[in-house]
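Chains A and B, in that order, give the protein sequences.
Last residue of the first sequence: 136 in numbering that gives the first Met the number 0, with the numbers rising by one and none dropped.
Last residue of the second sequence: 124 in numbering that gives the first Met the number 0, with the numbers rising by one and none dropped.
Hints were generated in silico from the structure; no laboratory data involved.
Accuracy of the hints is not assured; some may be wrong.
As the list claims (entries may be wrong) - Covered stretches of chain A, going by a simulated chain B footprint (3 or more residues, C-beta under 8 Å):
#, stretch
1, 21-35
2, 46-55
3, 59-69
4, 72-83
5, 93-107
6, 117-126
Please read all numbers here as calculations on a predicted model, not as lab measurements.
Using N, Cα and C, we set each Cβ at its ideal position, and we do this for glycine too.
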Amino acid sequence: MTDRALRTTEAVGDRGTQRALDVQLVAIGVAGGLLSGLLGVGGGVVMVPLLVLWAGYGQRDAHAMSLGAIIPISVAGVLTFGVAGRVHWLDALALAVGAVAGARIGAGALARIDERVLKIAFGCFLVAVAATMGIRA
Amino acid sequence: MSAAAVFVALAAFGVGTGAAAGLLGIGGGILMVPFLTLALGLSQQTAEATSLVVVLPTAIVASLALRRRGVGDLGVALRFGVVGALGGAVGALLALALPGSTLRIVFAAFLALVGLRLVVDGVRA
Chain A
0 MTDRALRTTE AVGDRGTQRA LDVQLVAIGV AGGLLSGLLG VGGGVVMVPL LVLWAGYGQR
60 DAHAMSLGAI IPISVAGVLT FGVAGRVHWL DALALAVGAV AGARIGAGAL ARIDERVLKI
120 AFGCFLVAVA ATMGIRA
Chain B
0 MSAAAVFVAL AAFGVGTGAA AGLLGIGGGI LMVPFLTLAL GLSQQTAEAT SLVVVLPTAI
60 VASLALRRRG VGDLGVALRF GVVGALGGAV GALLALALPG STLRIVFAAF LALVGLRLVV
120 DGVRA
């Protein structure tokens with residue numbers, strides 16, 4: 000890891016660990032959950048940019064925080080849809096077997112990647128998602 | 000394709016979505032739902048429900064790996080996620096009452112703007 004990347008991680012890491020649950024984070028959680036429920040997409044694409052551009056988190060920490068917040072949000076979704084009997088369990092199991100292995104790879108990469116590269120990559124990803132949604136809408 | 004081949008193909012696709020989810024800080028539903036509807040022919044609702052079941056273990060595994068490495072703050076994230084889960088219930092109810100295509104266009108415009116802003120910030124940094 001470069002010196003610069005190390006410094007960035009430490010600087011934001013400090014802010015991340017010291018921060019309490021405040022109105023801003025609650026609003027971001029509600030926005031993520033609301034859009035997740037409204038559009039059936041994960042809350043991450045909403046929460047990550049809000050955590051960075053509004054709450055002032057570093058890009059790397061914002062991605063980790065978003066993943067943590069997705070846990071309770073998806074629990075609520077699974078309970079709702081599961082009770083409604085909509086889940087295709089065999090497909091879910093197959094995907095999950097791969098996704099759990101992939102998640103370790105992705106999280107490892109997130110911990111090491113240069114923050115500037117991460118920011119540009121995530122920005123491009125959002126633009127691509129927006130373009131796809133625009134075409135389908 | 001046989002059932003076993005479908006299972007293996009889905010697991011392989013899962014590795015890709017899981018890695019993207021862990022890196023990008025998303026659940027991966029945005030990648031899985033189109034795949035499940037287009038490739039497997041699941042209905043939109045079944046695809047969303049199935050994808051959510053996969054998002055949960057993905058987010059747990061990625062979060063634990065990041066906590067070990069000291070990235071982010073899982074305790075705070077879980078707490079604002081619980082509030083977010085309540086927002087999700089309200090959102091699901093609103094979705095039934097509001098026109099879907101208008102919502103998608105507004106949301107796409109929001110994503111395009113913040114995406115470009117992040118790219119510009121990253122290039123200038």
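Checked hints:
1. 21-35: This one holds; 11 residues, not fewer than the three required, reach chain B with a Cβ under 8 Å.
2. 46-55: This one holds; 5 residues, not fewer than the three required, reach chain B with a Cβ under 8 Å.
3. 59-69: holds (count 11)
4. 72-83: holds (count 10)
5. 93-107: holds (count 15)
6. 117-126: holds (count 10)
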